[in-house]
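Undergrad: Letter by letter, the chains look like this.
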Amino acid sequence: MRLSANAVRSAAISLGGIAFGFVIGGLVVAIQGKPVGASLSALIEGSFGSEFAVGNTLTKAAVLLLVACGYIFATKGGLVSIGAEGQLHVGGLCGAAAALATTDLPSPLPAIIGLLGGFVGGGIWGAIAGWLRAKRGVNVVISTLLLNYIGLRLVEFAIDSKSLLRDGDAEPQSARIAQSGRLWRLLPGTTSTVHLGVILAVLFAVAIWFVLNRTVPGFRVRMLGLNPAMASRVGVSVQSMSVRVMFVSGGLGGLAGCSLILGEQFRVTPGYGVGFGFAGIAVALIARANVLSAIPASMLFGAILAGGNLLEAKVQVSNALVSVIQGSIILAAAGTALLLARTTRVVADLEEAAA
Amino acid sequence: MNAFMIHPFVLAAFDASAVNLSKLGGQALRLGVLIAFVALGETVSQRAGVINIGIEGVFLSSACAAAVAAYLGWGVWGGFAAAMVCGMAVMALIALLVLVLKADQIVTGFGVNLVTLGITTIVVKSVPELNSVDGLTIKRPFGRGGWLPDLFTQKVSVFLIVPVAAVLWFVLMRTTWGLRVKSVGEAPAAADAAGLSVNRVRFQAMLLCGLLAGMGGAALSLGQAPGFTENMVSGRGFIALVAVIFGRWKPVQVVLGCLFFGLFEALSLQASAWGVDLPSQLVNAVPYVACLLALSIFLKGSTPPAAMAKPFERKR
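If you read the protein sequences in the order shown, they are chains W and H. Take the first sequence: its letter number 87 is residue 87 in the numbering used here, and every next letter is one higher. Take the second sequence: its letter number 60 is residue 60 in the numbering used here, and every next letter is one higher.
Extracted from the complex, chain W is given alone in its bound form (with noise of 0.2 Å):
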């Protein structure tokens, strides 16, 4: 009973807080002179109006809710890591040269092989920041930010390099990857562009979920958050548990850069998944940490991405729009957790009183 009163009340205050993000977006809109209304349906109609526009949601929520498990992950075990950008961007990297070096390969082997390499390759971005951690004291929050900066220029590296992955003279680029080493499309033959990659991402978060909440290793992980004294204690490594943290967190950011590239864009292009990263963060801080909301909060981010393409095009009103609610559903998460402490607390005590 207590619970289920809890969770209403956490819900309506979530609402709220996404209610927040849109009035604070129609005010700006309003500011600007343009019609509230009609930007308000050009949102909805570019991520739910159609089915490539539902499309177009759901695998932008696949990239979001696999970066939002990995923070989540590196959060579970004490480390704030705000990397998700490049690992996103070099795991894709990696997902793509894998893939295109197997291509040759009967058909779902080069697709497998594309997303163990883009995992390895992202979680070889997060592990370096957790190696500098745990051997050299680096604050985890500085060195995956200043690892997001590298990662870039790597991937931009490597695209424009003719020994590496570059294509042609054109514009740097990798090659096309083919259909063996592509995410299948889940609807073929229909307008919507929906592939595994959106399984995939809700299996992850389901087994995340699940290891941490209910494995020995998970626990460890945990137990490390929460009192890293107590961890050693017990014989487990802090320092080699960072490490290994920050590798599942870089991987599943890795998978998130896969899912773009071997699931859409199907080429490796400079910057192709800039914002990505720090929006799927953004979807782990209003999940509050939990991996399972992280699920809905994607799919409203991934809502709000899509739906943003055709503000431009149809209202004239500038998708940077789209950063503004982002960021105002943020606030309203971060500025209600003590109303939402405090409401859960208060019917604690009211149940407490009645029991």
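Where hints are given, some of them may not hold.
What the hints assert, rightly or not - Once the Cα atoms are required to be at most 35 Å apart in a straight line, the calculated DSBU-like pairs of lysine-lysine come out as:
id: 1; chain 1: W; residue 1: Lys-314; chain 2: H; residue 2: Lys-125
id: 2; chain 1: H; residue 1: Lys-155; chain 2: H; residue 2: Lys-310
id: 3; chain 1: H; residue 1: Lys-250; chain 2: H; residue 2: Lys-155
id: 4; chain 1: H; residue 1: Lys-310; chain 2: W; residue 2: Lys-135
id: 5; chain 1: H; residue 1: Lys-102; chain 2: W; residue 2: Lys-135
id: 6; chain 1: H; residue 1: Lys-102; chain 2: H; residue 2: Lys-23
id: 7; chain 1: H; residue 1: Lys-23; chain 2: H; residue 2: Lys-250
id: 8; chain 1: H; residue 1: Lys-125; chain 2: H; residue 2: Lys-310
id: 9; chain 1: H; residue 1: Lys-125; chain 2: W; residue 2: Lys-34
id: 10; chain 1: H; residue 1: Lys-250; chain 2: H; residue 2: Lys-102
id: 11; chain 1: W; residue 1: Lys-314; chain 2: W; residue 2: Lys-34
id: 12; chain 1: H; residue 1: Lys-23; chain 2: W; residue 2: Lys-162
id: 13; chain 1: H; residue 1: Lys-250; chain 2: W; residue 2: Lys-135
id: 14; chain 1: H; residue 1: Lys-155; chain 2: H; residue 2: Lys-125
Hints in this document: simulated from the structure, not taken from any laboratory. Keep in mind that this is a model prediction, so the values were computed, not measured.
Given chain W, put chain H in place with the hints provided.
TA: Positioned in the frame of chain W, the structure of chain H alone reads:
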């Protein structure tokens, strides 16, 4: 040429005759100082126990405010004032969230960065004239091409860092208020028991942070560039965050950390002019790699303020 021994790649293939040390130093100073104002602001905030990831957004919005004020004809110093007010206003919003509502500081920072990015982009898209505000950039006290080398023919905003850093060092290290700031960052419960209002001191520190970041914003859009462009800060606020840790939360060292980054940024910008035959993308990554290496080599043994990122609540 000793200065370049630290960079073996550069040493391997470059045209020594094209190297202009004065130009390099000038550029390093310009780029470093830009970040230094912001990093000093962040230093005050972190010393008070507030990690302000939103500094990127404060920097960006105040750069935009400076350009808007200049566009409205308030002049250069009007632009500076507008930027400082804007920086303080955004910091006051952050303070409302993290001090009063006890919001998570990192979440709040992220939100602020997104909102300010969105709003400033919309502003500059509706007023494209902000891209280049004519004749309103900051002057150089010593003209170029005279007897002074490039290193010293900087704009006023660059020289400004010297008094600002000196005053900030004095305030933080030698005054009662500075001691209060440090005490609410290290031991808020003790400060509270001694009769200080923890949140009031933190609020003051955050306003000062906004003021300093605002100076950085004005120096960027009126000094470094002739106006405001979309997302023109592009991560420099985050670099300021790095510089604070690199400088171990001490004002003078933080400024030196910024100059260190500026030097590597200048090196990477000038590399091609020196005939360095390396892929440009890798050269562009050099400042960040240098930062990471420097952090991992020199950081051991430095500890952040103890109450960092923890909201203060009086125990009952």
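Undergrad: Give a verdict on every hint.
TA: For each hint, the structure was consulted:
no.: 1; hint: Lys-314(W) - Lys-125(H); verdict: 17 Å, holds
no.: 2; hint: Lys-155(H) - Lys-310(H); verdict: 39 Å, violated
no.: 3; hint: Lys-250(H) - Lys-155(H); verdict: 26 Å, holds
no.: 4; hint: Lys-310(H) - Lys-135(W); verdict: 26 Å, holds
no.: 5; hint: Lys-102(H) - Lys-135(W); verdict: 33 Å, holds
no.: 6; hint: Lys-102(H) - Lys-23(H); verdict: 47 Å, violated
no.: 7; hint: Lys-23(H) - Lys-250(H); verdict: 28 Å, holds
no.: 8; hint: Lys-125(H) - Lys-310(H); verdict: 38 Å, violated
no.: 9; hint: Lys-125(H) - Lys-34(W); verdict: 14 Å, holds
no.: 10; hint: Lys-250(H) - Lys-102(H); verdict: 27 Å, holds
no.: 11; hint: Lys-314(W) - Lys-34(W); verdict: 11 Å, holds
no.: 12; hint: Lys-23(H) - Lys-162(W); verdict: 34 Å, holds
no.: 13; hint: Lys-250(H) - Lys-135(W); verdict: 24 Å, holds
no.: 14; hint: Lys-155(H) - Lys-125(H); verdict: 28 Å, holds
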